[in-house]
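As given, the protein sequences belong to chains A and B, one line each in that order.
Those letters in the first sequence? Residues 1 to 713, per this note's numbering, in order.
Those letters in the second sequence? Residues 1 to 394, per this note's numbering, in order.
A hint or two may mislead.
[To be verified] Straight-line distance between alpha carbons at most 25 Å, and here's what the computed DSS-like set of lysine-lysine pairs gives:
id : chain 1 : residue 1 : chain 2 : residue 2
1  : A       : 586       : A       : 475
2  : A       : 302       : A       : 227
3  : B       : 340       : B       : 379
4  : B       : 249       : B       : 303
5  : A       : 227       : B       : 340
6  : A       : 485       : B       : 340
7  : B       : 205       : B       : 222
8  : B       : 345       : B       : 295
9  : B       : 345       : B       : 379
10 : B       : 205       : A       : 299
11 : B       : 205       : A       : 485
12 : B       : 384       : B       : 286
13 : B       : 286       : A       : 227
14 : B       : 286       : B       : 340
15 : A       : 475       : A       : 150
[What the hints assert, rightly or not] What follows is a list of derived Cβ distance ranges for each label pair:
id : chain 1 : residue 1 : chain 2 : residue 2 : range
16 : A       : 471       : B       : 89        : 58 to 64 Å
17 : A       : 424       : B       : 275       : 26 to 32 Å
18 : B       : 341       : A       : 679       : 32 to 38 Å
19 : A       : 175       : B       : 267       : 50 to 56 Å
[Claimed, not checked] A short, non-exhaustive set of chain B residues, derived as facing chain A with CB atoms under 10 Å:
id : residue
20 : 218
21 : 233
22 : 253
23 : 268
24 : 276
Since the hints were made in silico from the structure, they are not lab data.
All C-beta atoms in this analysis are idealised placements derived from N, C-alpha and C, irrespective of residue type, glycine included.
Each chain is listed here by its residues.
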Amino acid sequence: MNKEIFHYDNAIVRNFAIATMVWGLVGMLVGLTVASQLVWPELNADLPWLTFGRIRPLHTNAVIFAFVGNGIFAGVYYSMQRLLKTRMWSDALSHVNFWGWQLIIVSAALTLPLGYTTSKEYAELEWPIDIAITLVWVVFGLNMFMTILKRRERHLYVAVWFYIATFVTVAVLHVVNSFELPVGILKSYSWYAGVQDALVQWWYGHNAVAFFLTTPYLGLMYYFVPKASNRPIYSYRLSIIHFWALIFIYIWAGPHHLLHTALPDWAQSLGTVFSIMLIAPSWGGMLNGLLTLRGAWDKVRKDPILKFMVVAVSAYGMATLEGPLLSLKSINAISHFTDWTIAHVHVGGLGWNGMLTFGMLYWLIPRMWQTPLHSERAANWHFWIATLGILFYALPLYWAGFTQAMMWKQFKPEGMLMHPNFLETVLQIIPMYAMRVVGGTLYLLGAILMTWNLRQTMKNGNLLRNEEASAPALKPVQGRMQGEKWHRWLERKPALLLVMSLIVILIGGIAEMVPTMLVESNIPTIAAVQPYSPLELEGRDLYIREGCNNCHSQMIRPFPDETERYGPYSRAGEFVYDHPFLWGSKRTGPDLQREGDRYPDSWHYYHMVDPQTMSPGSIMPRYGWLAEDVLDTESLSAKIAAMRTLGVPYPEGYELPGSKGLSPAAQDLQQQADSLASRLAGDGIQCASDREIIALIAYLQRLGTDFTSTLEP
Amino acid sequence: MMRFIRPFLETMPGVDRWGLFSLLVFFAFFSGLLWWVSRMKKSDVEDRKHMPLTLLLLLGLPSISLASDGTHWGMRDDTWIFILLTSAGLLSAMILALLSILKHMGAIRSEQRTKAKQSTLNMHGIGLLASVFTLSDSAFYGLFVANLFLMGYVVVLLDLVQTMAKEIAPKPRAELAHAEVVARVPWWLSVWQRINAHVALSEEKDILLDHQYDTIRELDNKLPPWWINGFYASVVFAFAYMFHYHVFKYQPLSGEAYAIAMDEHNREVEAYLTSLALNVDEHSIKFLLTEDRLKQGRSLFTKHCIACHAPDGGGALGPNFTDEYWLHGGTIQDVFRVIKYGVPKNGMRSWQADLSPMEIQNVATYVMSLQGTVPMDPKEQQGKHFPPAVPDSE
């Protein structure tokens, strides 16, 4: 046999590994900052770009796409070359992938604090960055696929199946969810409205977890766990079954983020049952990871790398059991909108993604730098600090979530709410928030320790930039080989594998989205619901800019306590002009769906400028600049036109300048702003009518009133 | 801790046990894992190096060593088989019973829903089951899940029976020798292997696939039976769930569920407020000559008062109630107060420890109603004159 000599590209892995560490520290630090702001709101120093609403998305984007994202690339670029016995197809594309991705991260780190956001969770980045993500992702996919095609290994190992499924699914998710109509260089409106937007968003959001945080990491697990433990994978057939079952079922489960909302009941039920069916496929991955360690448990005791991996895989198992349980409507009624969800995702994030990344880095770096780890003791310390950190993080938040949900629901026997003031239920759990800060600090300290340890290791050794390897070239094979089972045959047909994955993941999305979009009975119309006025539309964009939806929901669930607290529960028809939807997923503050006419304008003014004056003890940031900054109405006509394109019935010519120079839309805006300002003046507040706060108050005072006006006798 | 949670739980229909259950599962597993990792000592390592930590989850399963020559824990295998089969039979019976309860509950639920629509839900007469399960989601799904677990348990038991039956069958000598080797495997390991249908570590070369990827090899162990059966069960659950809500409509969907929950809430509040109204005192009492007040008042009067006031209220030791003269005031408020607190210096005792406020009200009402009647043997007028009391309007 003629062996060919080739070299693995370690330099690109080095780049991604270092980026993983750096962005990991940044993302966790931002996380720690937002967590601390919930205990000490003054930590934002009254700076707009440091407020919770703006940097909470920065935290999620940084840890998901910067920390885990670079971790994925590091692991994939390392393992794929070796599993396919070839160098990456194109070093140039590898570099475009690396630098493009870092550029995207930097632009996210700049735009999100400045308030450029679509408001859709984990998809907050505005349209130019969305396009950049698409391009870089295609570069990654192309490079990966061409590498697969020129491989020297006939069959694809299970890790590579997961990489392929990751690539195709993330591409579909990102593109479909990012359909948006630009109205400016960094501003766009979601193509979908209300219920449909919510369904698409959570189909995306849920599967971002599935195909960005789960499937690529399962691929990494399939490479690094057997490598680190030197044990064979437990069961080949288990990997086949759980792979296909996982990617097929995962896609359907998105609606479990929208239980008890205005989403049609049938879609909610699908979300529930597919979540339950997801337990076994997820656990298949956990089993294949843990049982691979069969016979190696003595090593686990000694080797910090394996310890990290065991905790990671166990946390994966826990999170994927808990998730389906949270998808049962009765449990979701308690957990949703509370910190229970936050605890749940952090078991997955800190436990599964974080710990597996750490284990992988501890394994990779000494090998690439050809030297032992600088300090095994420090790695052990890291393990214990991180594990403790997860516990200190998660347990208080479970408690907080449970406590708050119970307090929301509690009635006095006379039929009034026991805690009618939402703030009471927040103040009750502030101590838990403080404990969560301790947990997060521990976890971050561990990551700092690791960074130091690995940096020392790099210093001690020499990077082997190009690692020599050899293997014979593949000879082409026609048809089925002797005794080859069908799946084994499929494993050497990467294009077919990709197409099959694509088909499998499209089924669930189509089955849920198409009827919601097309069948009218799913969203019964309400005649009284009218488009927002120009001023309210601008106010809504401010609401989005400040990230209000990160703490305030606009979705009243059909429970007695919620209708008692907030007003009539939300109907699907109320959101038909909401591009994007703003239902929110967490209530750090109260729901705002029926905020309109609840308080006088002056209350909102004072509350926005300093929440503590109206709600002593409130942890909401002060929004003083809203009362000072002048509302920018330059893109008003573009916004109206875009909304009309999306189906919002503004009259033709509404945004076009008339004979007097002002468009009817601009006149309406001026008129509404003036009257609001004079109402404020009547309450002794001097505020010019061109300030941002006027628009925001106008929007808040509109919220939910269209529907409630139909109820009054 | 429980004192903190309980009042919350009690105020929430349908969600009481599940939240805790989920929390407990999570905590148990995670702390179990930590406990296990932390307590491993060097000396344990040799013995435990094959023990996967998920075993902790399965300690509840029958722990019967499989490797032996026909006896287990001092009992013959055929005895064991008998016991196991009996348990399997009993469990199957339980499953059937649970299924019929579930079916029955379905019927109750739809009945209750119809009634709730008329907003006069009456729990009486539906029977014991209704009072136990009522409309609680958690009870329903608790039973459902319990049933699934029981079914799984039966499968495991039958599986064990089959294995033991194989063992009892006469074996060739070579296999007996082999069995002795296997017998050194600790009991939990063999149970673990059995549960997962593992191939033993010592024999795994038989299932090692012939390829390798960057030195990674793959075994081809069977799918763990509990895993694949759990998967099937979840698929069955999914269909059952969809049919339950969207085909048979045993339980209401969100809008209707809200209406029912609101109904129930309003009823509870109303009941509470009514109970407040019954809690009368000398200030809030109204003078109403309703038939049920008089009826209970008369019977209580007959029981407790006639000794001093005569059966017709004409008076004896105590004063006469039929005239217009009163010692301590002639309004119903006054009479209520006298009955409640008594006038010890005149020999009238307090009745508040004996009679509920409502009962005192009814006795007072009856007493007031006696005014103007003609007793057989009236006592002389005592106290001041009061004009006859006029009943309050409702």
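Can you name, in rising order, the numbers of the hints this structure does not satisfy?
1, 4, 5, 6, 8, 13, 18
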